[in-house]
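Residue strings, one per chain:
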Amino acid sequence: MQVDTVRQEPGAALGTAARHDELRRPWRRRLPLLPALVFTVLLTQIPFLMNIWYSLTDWTIVPPSSRRYIGLDNYGDLPNDQFFRDAAWVTVVMTVSAVLASLVLGTLLAVLLDRKFFGRGVARTLLITPFLIMPVVAGLIWKNQMFSGLYGVVNWVTARVGMDSIEFVSRYPLGSIVVVLVWQWTPFMMLIMLAGLQSQPAEVLEAAKVDGASGFGTFRQLTLPHLRPYMELGTLLGTIYLIQVFDHVAVMTGGGPDSTNIPYFVYQRSIGGGWEFGKASAYSIVVVVASIIVATIALRVLSRLLRGEEIA
Amino acid sequence: MASVQFASATRLYPGTHHPAVSQLDLEIRDGELMVLVGPSGSGKSTALRMVAGLEPLDEGAIFIGDRDVSGVRPRDRDIAMVFQNYALYPQLTVAENMGFALKQHKVPKEERVARVREVARVLDLEPFLDRKPKHLSGGQRQRVAMGRAIVREPQVYLMDEPLSNLDAKLRVQTRAELAELQARLAVTTVYVTHDQVEAMTMGHRVAVLREGVLQQSDTPYALYHEPANLFVAGFIGSPAMNLFPCPSGQPIGVGGCALDVDTGVTSHLASFGGDRVVVGFRPEAVRVGEGPVAAHIRTVEDLGSEAFVHVAFDHEGEMVFAVSKMPAPFKGVTGDPIDVRFAGTVHVFDPAGARIASGAARCAT
Amino acid sequence: MARSAGAQLGVGERRSVNVVTGVVAWFAALLFFFPVFWMILSSFKEEQDANTSPKLFFSPTLDRYSDVTETSTGLLSFCEAFFNSFWVVTVSTVVVLLLAIPAAYALAIRPVPKWRDVLFFFISTKFLPVVASILPLWILAREFDLLNTRLVLMILYTGMNLPLAVWMLRSFFQEIPRELIEAAEIDGAGLRGQLASVILPIAVPGIAATALLCVIFAWNEYFYAVQLNPADGSTIPIWVTTNISTRGNFLAKLSAASVLASVPVVLAGWLAQKRMIRGLSMGAIK
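Protein chains in written order, with our numbering: chain C, 1 to 312; chain V, 1001 to 1365; chain W, 2001 to 2286.
Simulated from the structure, these hints should not be mistaken for laboratory data.
Hints should not be assumed to be uniformly reliable.
Simulated crosslink set (DSS-like; lysine-lysine; CA at most 30 Å straight-line) [stated by the list, open to error]:
| id | chain 1 | residue 1 | chain 2 | residue 2 |
| --- | --- | --- | --- | --- |
| 1 | V | 1132 | V | 1109 |
| 2 | V | 1331 | V | 1109 |
| 3 | V | 1132 | W | 2114 |
| 4 | V | 1134 | W | 2114 |
| 5 | C | 116 | W | 2274 |
| 6 | V | 1109 | V | 1134 |
| 7 | V | 1132 | V | 1103 |
| 8 | V | 1106 | V | 1132 |
| 9 | V | 1109 | V | 1169 |
Here are the computed distance ranges between Cβ atoms for each label pair [as the list claims (entries may be wrong)]:
| id | chain 1 | residue 1 | chain 2 | residue 2 | range |
| --- | --- | --- | --- | --- | --- |
| 10 | W | 2191 | C | 292 | 26 to 34 Å |
| 11 | W | 2056 | C | 164 | 28 to 36 Å |
| 12 | W | 2117 | C | 163 | 51 to 59 Å |
| 13 | V | 1109 | C | 292 | 43 to 51 Å |
| 14 | V | 1213 | C | 104 | 45 to 53 Å |
| 15 | W | 2023 | C | 254 | 35 to 43 Å |
| 16 | W | 2187 | V | 1225 | 45 to 53 Å |
| 17 | V | 1016 | W | 2023 | 30 to 38 Å |
| 18 | C | 172 | V | 1016 | 52 to 60 Å |
| 19 | V | 1194 | W | 2201 | 49 to 57 Å |
| 20 | C | 232 | W | 2177 | 19 to 27 Å |
| 21 | C | 92 | W | 2117 | 42 to 50 Å |
Residues of chain V placed beyond 10 Å of chain C at every Cβ, according to the derived structure [claimed, not checked]:
| id | residue |
| --- | --- |
| 22 | 1053 |
| 23 | 1087 |
| 24 | 1177 |
| 25 | 1183 |
Note that the coordinates shown come from a computational prediction; the quantities given were computed from them, not determined experimentally.
In this text, a Cβ means the ideal position worked out from N, Cα and C, and glycines have one as well.
So that you can see chain C by itself, here it is in the shape it has in the complex (with noise of 0.2 Å):
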């Protein structure tokens, strides 16, 4: 029996040769990320340019200045400040607390919600909604109607156990600040540790019972480690988003020495009355190389988010 070798026309399968080599310029590639690329780049790094610009001066509108450059200046003045070191002290114990919290929390809640109960959904439902409220209201809605030292709902109840009226934003400014953002931002870390949660092989976890492991140890031993690379990334995502908190304390303390973190110390310095926008822009700066110096640190953790380890 004749068995003939078939000539492969080489690209043929991929269509006109043409197309193949076009495919081959490496630009072709880049195309599709060009227009968010260069959307961002616009937007973001022009007006950070013009905030380093107006950080090596000294504008001030208030009393108005000439704006004129003063290099460094700046920057040297602000290891004195004490007010941005408070501020500075504030934004980390408010992001590392708010984030720590809510991710314990978020995780043994994501734990009750794997398992199946009566009117989980509904359940899961109510759970969420804190996070789809908007900051302003969450603050709002928790300053007078919850922590109000008049009408407070938490006081009632405190009421009832014998305790004094507690005025909570004035006396736990920082505290009441953090409570609102943990109950904000727990139902995300929730959502994401139950997607972690329910990737995890159904096999493996028989496997474990079959093994003799209870249920506390197959989730000591073998969940949590799961869970690991969906903890780092809502660590991630939350310590981004909890750095800027900006609503809550404009709404609930208006600032105050306790209470005021960065965002807030900066707007506070620049349009919100300081009219300083040339130290202000130079606190923003620092802050910028601040995070990236952290986030550098941390992206360790964020190649192996990236380079996609595959779990057997």
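We have chain C; now place chains V and W onto it with these hints.
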């Protein structure tokens, strides 16, 4: 070591009408390798998972030894399972995977390490003990899954199509190793596969399932030579048995040739009431070359050691196909006219499926 | 093989475990929902009922809703604000998807070299505090005569959500089996063809999840809106805050306004939550 028994075990998935496993009565003896085989949807995996405790029973009971384990948690049943996709713990090393169950049962570390090491040696896994599953090949992962089960020294092994993800050559090799291992360890094993070759070569006994119902459980020899019904006859043996419907009046004939059958068959046929039967010949009972049936060759599969000749001939006014097993090399190509005769064991079934009789037969020339 | 939602009761497991789980979960759900419930309740109260110690029972009224939605000249009306928000959010989300889908293609399916750096760049644009960029943006907006327009918000919200969308869509696209793309290519499909016939149909849950997140963030955005659009282009978040007054009680009115402001996004979130979870588990992590 223990026996496993299904007693009218039934599993009906909520929302379905047809049970996945229906009134299964099956006993697996201590130390035996019982293969559950059947096409997809036959319920074989479900039955296995019921023994594991991963599927609940809706009716009936399951015994391991003398113990009714129907309501017992998987981890309290003293069983080990090899999953189809291996289900290795992704974040643990090979050694940790294999030692996982021992750790859950609080086996002291030294003993654990020693047992894992020993099993790793037997399975040639020692170089991989510190690797994670994602860095292993398919064959290596399969062995880790086996090792994880073996190290536990359970009463029963459960295996859910453990070889189906291996390439063909590795599968044949591992099949033999598995059978040898099981014989050496002499632990009761329930083994599920859809591959009837695996079933026939590995099982001490084989249980054929179809749509949740047990068709026949017997030794491979009995399944092959004494199939209980049409389904088993057609499922076991490759290529499948050739089946021809024909009238039940004697003498029965295929393709125009009357068959000389032995007296056992004749008497059973005589007492059979219906007027149609199905006649079956395995490929080795169909000979081509000379014979009373005129046919032509459809195709020849020459495997080197033997040849399967696919032929077509006229039977009761219609063109039917048959496969003949002939010694290789075979001279003949597609389209050639050829003569066919039947000589060997004949199986006669009633059209509803039950076997009426089997015996020696040949064409009466 | 991912599992379906929710662990079933296993053999030999006590039913009480599920009951306890259910009780705790419901307790948490009610606790989390309570502030929203209270807000809804307050919106039906008279001001004097809202501004005293918490009352569960009162005679409900719809007056607050009519109070906040009545149009008075010079003041931003609910309809106007809703209209503005609707347009701004819809357009910006559509534009985000139009930009992000090809970009994700270029990062996932036919990756450009240095795609990791590109991705990091996108995320890094979120490191500049929004409050800092407001000044240059305000100046630029004034230059281009965009202050007090919907357009400036559309542009800004697109930029705000684009990094997140690119990130999420990229990982969803990564989940698509290579063979399907290759089959489409062999059949002669270019970028548009592949997108239409293979990528988009499979990635719909992921795209829906991304779009929903973009809608949530854009609808609720307050800072850019209030700084750049104090008057005509105002959006819902601004409208809500106009209901706070320094004279007289306003809690009930504020609650009514908040309820109205939240309804669209809350409904969207409720309807799409299953898709969100499926989308997230499909490949927000890879």
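Okay, the hints, checked on the actual structure:
Between residue 1132 of chain V and residue 1109 of chain V, the direct Cα distance comes to roughly 20 Å. Compliance with the 30 Å bound is thereby established for this hinted pair. With a C-alpha separation of about 66 Å, the suggested pairing of residue 1331 of chain V with residue 1109 of chain V is violated against the 30 Å cut-off. Pair hint residue 1132 of chain V plus residue 2114 of chain W holds up; C-alpha atoms about 29 Å apart against a cutoff of 30 Å. For the hint linking residue 1134 of chain V to residue 2114 of chain W, the alpha-carbon distance of about 26 Å falls within 30 Å, and the restraint holds.
Taking the CA atoms of residue 116 of chain C and residue 2274 of chain W, the gap is about 15 Å. The hint holds against a cut of 30 Å. Of the pairs offered as hints, the one joining residue 1109 of chain V and residue 1134 of chain V holds, with about 25 Å between alpha carbons and a cut-off of 30 Å not exceeded. For the hint pairing residue 1132 of chain V with residue 1103 of chain V, the CA-to-CA distance comes to about 18 Å; that is within 30 Å, so the pair holds. With a C-alpha separation of about 23 Å, the suggested pair residue 1106 of chain V and residue 1132 of chain V falls inside the 30 Å cut-off, and the hint holds.
Between residue 1109 of chain V and residue 1169 of chain V the alpha-carbon distance is near 38 Å, which puts this suggested pair outside the 30 Å criterion. Between residue 2191 of chain W and residue 292 of chain C the CB atoms are about 33 Å apart, so this pair conforms to the stated range of 26 to 34 Å. Between residue 2056 of chain W and residue 164 of chain C the beta carbons are some 23 Å apart, a value that contradicts the proposed interval 28 to 36 Å. The given range of 51 to 59 Å is respected by residue 2117 of chain W and residue 163 of chain C, whose C-beta atoms sit roughly 55 Å from each other.
The supplied range of 43 to 51 Å is met by residue 1109 of chain V and residue 292 of chain C, whose beta-carbon atoms lie about 46 Å from each other. The hint said 45 to 53 Å for the Cβ distance between residue 1213 of chain V and residue 104 of chain C, and at roughly 51 Å that hint holds. Between residue 2023 of chain W and residue 254 of chain C the beta carbons are some 40 Å apart, a value that agrees with the proposed interval 35 to 43 Å. Between residue 2187 of chain W and residue 1225 of chain V the beta carbons are some 51 Å apart, a value that agrees with the proposed interval 45 to 53 Å.
Judged by the Cβ atoms, the range 30 to 38 Å given for residue 1016 of chain V and residue 2023 of chain W holds: they are separated by roughly 31 Å. Taking the beta carbon of each, residue 172 of chain C and residue 1016 of chain V are about 57 Å apart, inside 52 to 60 Å as hinted. The given range of 49 to 57 Å is broken by residue 1194 of chain V and residue 2201 of chain W, whose C-beta atoms sit roughly 32 Å from each other. Distance hint check for residue 232 of chain C and residue 2177 of chain W: the Cβ-Cβ separation is about 25 Å, which falls inside the suggested range of 19 to 27 Å.
Checking the proposed 42 to 50 Å range against residue 92 of chain C and residue 2117 of chain W shows it is violated: the Cβ atoms sit about 28 Å from each other. With a minimum CB-CB distance of about 8 Å to chain C, residue 1053 of chain V fails to clear the 10 Å threshold, and the non-interface call is violated. Against chain C, the non-interface label of residue 1087 of chain V is violated: not every CB pair exceeds 10 Å, the least being about 4 Å. With a closest Cβ-Cβ approach of about 22 Å to chain C, residue 1177 of chain V is found to remain outside the 10 Å limit, as its non-interface label requires.
The claim that residue 1183 of chain V is not at the interface with chain C holds, since no C-beta of that chain comes within 10 Å of its own (minimum 23 Å).
Violated hints for the displayed structure, listed by number in ascending order: 2, 9, 11, 19, 21, 22 and 23.
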